[in-house]
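Each residue of the first sequence is one higher than the one before, counting from 38 in our numbering.
Don't take every hint at face value.
[Unchecked claim] Derived SDA-like pairs: lysine to any residue, alpha-carbon spacing no greater than 25 Å straight-line:
hint, residue 1, residue 2
1, 92, 793
2, 907, 863
3, 947, 935
4, 438, 462
5, 151, 64
6, 92, 660
7, 184, 590
8, 45, 764
9, 752, 863
10, 660, 647
11, 907, 826
12, 46, 765
13, 947, 957
14, 393, 328
15, 619, 609
16, 264, 582
17, 308, 322
18, 223, 244
19, 619, 322
What the hints contain is simulated information worked out from the structure, not anything from laboratory work.
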Amino acid sequence: MMAAYDHKKIEEKWQRQWDEEGVYITTEKDTRPKRYILDMFPYPSGDGLHVGHPKGYIATDIYSRYQRMQGCNVLHPMGWDAFGLPAENYAIKNKVHPRQAVEKNIARYKSQLKKIGLDYDWEREINTTDPAYYKWTQWIFLQLFKKGLAYESSEPINWCPSCKTGLANEDVQDGRCERCDTFVEKKPLRQWVLRITQYAERLLTDIDELAEWPEHIKELQRNWIGKSDGAEISFCIAGHNEKIQIFTTRPDTLFGATYMVLAPEHPLVEKLQSDITNWNEVDAYRHEAEHKGEIERTAVGKEKTGVRLDGVMAVNPANNEDIPIFIADYVLGYYGTGAIMAVPAHDERDLQFAKKYNLPIRQVVIPNKEQFEGAWALIETPRGTFLFQKRDGNAKKDPSKIVPFGGMRDEGEDITFCLIRELKEELCAEFSKEQIRFLIASDSMNDGEDIKNNFLALFYLSDVSPTHVRLGDEGEAIMEMTLEDALAHPDVTEPTKNIIRYFLGEKTMVKAYTGEGDIINSGVFDGMTSTNAKDAITEFVGGKMMAQYKLRDWVFSRQRYWGEPIPLIHCEACGVVAVPEKDLPVTLPIVERYEPTGTGESPLADIEEWVNTTCPECCGPAKRETNTMPQWAGSSWYYLRYIDPTNSAHFVGEAKERYWMSVDMYVGGAEHATRHLIYARFWHKFLYDNGFVSTNEPFTTLKSPGLIYGADGRKMSKRWGNVVNPDDVVDTYGADTLRLYEMFMGPFADAAAWNTESIIGPRRFLERVWRLLGALGEYTDPALESLLHKTIEKVSEDIRNFRFNTAISAMMIFVNEAEKKGTVGREAYAVFVRLLAPFAPHITEEIWRGVLGNAESVHRAHWPKYDAGKIVSGAHIITVQVNGKVRDVFEIDKDISEDDARRIALAREKIKKWTDGKDIKKIVYIKNKLVNIVTG
RNA sequence: GGGGCAGUGGCGGAACCAGGUAUACGCGCACGACUUAAAAUCGUGUCCCGAAAGGGAUGUGGGUUCGAUUCCCACCUGCCCCACCA
Numbered sequence: 038m039m040a041a042y043d044h045k046k047i048e049e050k051w052q053r054q055w056d057e058e059g060v061y062i063t064t065e066k067d068t069r070p071k072r073y074i075l076d077m078f079p080y081p082s083g084d085g086l087h088v089g090h091p092k093g094y095i096a097t098d099i100y101s102r103y104q105r106m107q108g109c110n111v112l113h114p115m116g117w118d119a120f121g122l123p124a125e126n127y128a129i130k131n132k133v134h135p136r137q138a139v140e141k142n143i144a145r146y147k148s149q150l151k152k153i154g155l156d157y158d159w160e161r162e163i164n165t166t167d168p169a170y171y172k173w174t175q176w177i178f179l180q181l182f183k184k185g186l187a188y189e190s191s192e193p194i195n196w197c198p199s200c201k202t203g204l205a206n207e208d209v210q211d212g213r214c215e216r217c218d219t220f221v222e223k224k225p226l227r228q229w230v231l232r233i234t235q236y237a238e239r240l241l242t243d244i245d246e247l248a249e250w251p252e253h254i255k256e257l258q259r260n261w262i263g264k265s266d267g268a269e270i271s272f273c274i275a276g277h278n279e280k281i282q283i284f285t286t287r288p289d290t291l292f293g294a295t296y297m298v299l300a301p302e303h304p305l306v307e308k309l310q311s312d313i314t315n316w317n318e319v320d321a322y323r324h325e326a327e328h329k330g331e332i333e334r335t336a337v338g339k340e341k342t343g344v345r346l347d348g349v350m351a352v353n354p355a356n357n358e359d360i361p362i363f364i365a366d367y368v369l370g371y372y373g374t375g376a377i378m379a380v381p382a383h384d385e386r387d388l389q390f391a392k393k394y395n396l397p398i399r400q401v402v403i404p405n406k407e408q409f410e411g412a413w414a415l416i417e418t419p420r421g422t423f424l425f426q427k428r429d430g431n432a433k434k435d436p437s438k439i440v441p442f443g444g445m446r447d448e449g450e451d452i453t454f455c456l457i458r459e460l461k462e463e464l465c466a467e468f469s470k471e472q473i474r475f476l477i478a479s480d481s482m483n484d485g486e487d488i489k490n491n492f493l494a495l496f497y498l499s500d501v502s503p504t505h506v507r508l509g510d511e512g513e514a515i516m517e518m519t520l521e522d523a524l525a526h527p528d529v530t531e532p533t534k535n536i537i538r539y540f541l542g543e544k545t546m547v548k549a550y551t552g553e554g555d556i557i558n559s560g561v562f563d564g565m566t567s568t569n570a571k572d573a574i575t576e577f578v579g580g581k582m583m584a585q586y587k588l589r590d591w592v593f594s595r596q597r598y599w600g601e602p603i604p605l606i607h608c609e610a611c612g613v614v615a616v617p618e619k620d621l622p623v624t625l626p627i628v629e630r631y632e633p634t635g636t637g638e639s640p641l642a643d644i645e646e647w648v649n650t651t652c653p654e655c656c657g658p659a660k661r662e663t664n665t666m667p668q669w670a671g672s673s674w675y676y677l678r679y680i681d682p683t684n685s686a687h688f689v690g691e692a693k694e695r696y697w698m699s700v701d702m703y704v705g706g707a708e709h710a711t712r713h714l715i716y717a718r719f720w721h722k723f724l725y726d727n728g729f730v731s732t733n734e735p736f737t738t739l740k741s742p743g744l745i746y747g748a749d750g751r752k753m754s755k756r757w758g759n760v761v762n763p764d765d766v767v768d769t770y771g772a773d774t775l776r777l778y779e780m781f782m783g784p785f786a787d788a789a790a791w792n793t794e795s796i797i798g799p800r801r802f803l804e805r806v807w808r809l810l811g812a813l814g815e816y817t818d819p820a821l822e823s824l825l826h827k828t829i830e831k832v833s834e835d836i837r838n839f840r841f842n843t844a845i846s847a848m849m850i851f852v853n854e855a856e857k858k859g860t861v862g863r864e865a866y867a868v869f870v871r872l873l874a875p876f877a878p879h880i881t882e883e884i885w886r887g888v889l890g891n892a893e894s895v896h897r898a899h900w901p902k903y904d905a906g907k908i909v910s911g912a913h914i915i916t917v918q919v920n921g922k923v924r925d926v927f928e929i930d931k932d933i934s935e936d937d938a939r940r941i942a943l944a945r946e947k948i949k950k951w952t953d954g955k956d957i958k959k960i961v962y963i964k965n966k967l968v969n970i971v972t973g
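Just need the whole structure built from these sequences, with the hints factored in.
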């Protein structure tokens, strides 16, 4: 009788043994193909791991064990990202030094990971807070500094009043600090900033190289970089030397720019102060905008506000018109040039603003012939009245309507032709193009029917009195009214009233036309397509086509203690000087008080003996830079350090870098898509450009695990009391069961809720595997043998594609089948054990060495090869359909001819029932699979 | 407002990439065996209607096809990301 499956005993025993034997130690002295398999390393927070965290680690563990058994030299390391706000805030809250807190948390994390039986090579463990590590983080910073990619700036930046530090754009989510959820403020602060925008274009275009990245992550990065193609154009200020630079994606609408808007913080406002006659009002608005929170200022749907700069006018370079200048907070200081040309006819925001401040709206793009559906005209008489048509209704359902003249476009017509034709039909009067005073596109005529892209025109009836026009042939009557009377008239339709309101200047219902089309009201450019006009008009006014990016430069300073000191020295005589490489690392001083000061200075600024130093260039007195680096610094290059973790002369040895890079498989959360993964790509490209690394991109394949939610479907959090600790699961069910369950929950990339009931399934499976030991014999049933080979193929393929759930399912099917047979050969069983080994490393090791008596670890064994010859058994099940519906199946022993298959199918009793008395039109045959009989 | 992804039993999901017996595998549930009893384990059953024959079902509606969960179009619903980005 077999002893019962005792997971505790087995798991502890083999974890100890693996450590002693160094089963997972990686070396480079090797001719095997390499596989660099990497997990995003964790921040060791005080809460420890919950069962969601190891999901990705288990996946890479399975993957790396598989690759190792396949004969690859595998690097699968782990380390700690321990600088930054989470660790420091935890330390402050628990009143311990961050260093101690970090050490304690790391020990906890490490023991949790070890319990799960992960195959990390712990000899390569790294820790971003280790001076031997951050020496090289500082070194890379200095390379950036020397190449001009790090600069000092005092621009207002995002400031978290609770964490008391500046933040990068990426650290702000929905206007709140990503760490503590406090609303961020704008605060001018001396900062070190990395010029990541210099790499924006390459970071964007090289995304296309990343064939093995998930599409949604790539899309997130593209959106974050946010490229817009457009033009930069300058507008003169009348009677002034100053110019206003604007960026627009629609230079084709320049003739429609009827005013300009500067961001409230635009520096030009200050410069124009002496010309602005309402300075008090302007200044008040600026102050108000400054103190509004980001959220308040950028809230969608908020009514637009602004103040006109009285006394100054800009000049539209296209038509030399003087146009007013406003400041308004709907223009953001930090995007583009902080100033816009406003084209209310073609931009929804400008339109809202124009309506509110009663600014002219000029249509300069109209949908082209293919795009518009109908055209409508208001016709003004010399008496100031307007003509409408009255359609008599005859029932409740069809009441009388008063509408403008006009109608639907005929195929191929242009707008003016369509209008003139409609007017001729309905009014029996000839109109000419010259009588059109105003033409605009709108959806306002939509009267319940779906008519898109209508045109509204205002005609002036100069020499034809209404008595000269007569009724059209559809029985309409002509109504002559003032627009005010029409608005009050009950029979005038609501869309018609909207048009009237628009012409009366109320401008309530018209939507901006933001599409492309043909140019009008733009002088020599009339008739050009808007697409072609972009370049032409830009050139005409001396602007230049260029791109803008949403990506901002990376604010790289934190006014906090727990980070890498920025290795720079401020000398009065020499300016900012780099710390010489031989003096790296600049270590964090041990201090009593490390709480943030809130003054905009780092706590390091108070430590005189650390701050005061000598200038490396002139040897005069100097002060150290006291800002520290953000949390993201250490993680921007850590994957390189694992390759050569103890090298004291270089951040990574050249030959080793060439051997291991790039990372073949990188697994980690999608929440890092727009931060870590962009920062790391940026640093890597910089290192590549300067010859320090050999690849253009760091990570070949990327996979993101779906979240594991609590049993209640909510995110696992102390707040909800739904956290499951992996230690408890390991105690109760064992690490092997935990691993199998997490992989069996569903597709790797999908989110799933933890289910305390379902975990028993994988446990039962392992017990069945264990019990099968009692059924070992010398004979393996041929059908089982065939199934085994199918299982080898399936499991191999599924691991390669991260489809662990179906791999486990295939192994379950094999075990179920073996149990049914009652016996399984030792050899076949040993093959199966190797398939299971990456998933359940402990139980399989116990069986492999302890029971089957192998000397070497199963994790160093060869992956089984499947024999295609054994999979093809010769038997096939043929499905018989009649008209696509399954009516019967039959089995054949070996390949048969198409004719035979048809004959057998037609002869089946069940099939005859469906085909009797019917014409057989056609028979579709798919070899060894299906016969489909199509009857008349 | 823009973009991405997804809708299949009581539940997690499989088949979708490459159209060909929809619901594999697991959980749960029901019944049975073992047991004084329970737990564990084992066995049988488990999409819906129907006695059966058969019919219906993969969010909804269309299309392509001999045949659609799979491909195409529109819509509905849910989740995620971005968002006054000029």
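The hints, checked one at a time:
no. : hint      : result
1   : 92 - 793  : holds, 16 Å
2   : 907 - 863 : holds, 18 Å
3   : 947 - 935 : holds, 20 Å
4   : 438 - 462 : holds, 18 Å
5   : 151 - 64  : holds, 21 Å
6   : 92 - 660  : violated, 47 Å
7   : 184 - 590 : holds, 15 Å
8   : 45 - 764  : holds, 12 Å
9   : 752 - 863 : violated, 45 Å
10  : 660 - 647 : holds, 9 Å
11  : 907 - 826 : holds, 7 Å
12  : 46 - 765  : holds, 16 Å
13  : 947 - 957 : holds, 16 Å
14  : 393 - 328 : holds, 23 Å
15  : 619 - 609 : holds, 23 Å
16  : 264 - 582 : holds, 13 Å
17  : 308 - 322 : holds, 16 Å
18  : 223 - 244 : violated, 32 Å
19  : 619 - 322 : violated, 53 Å
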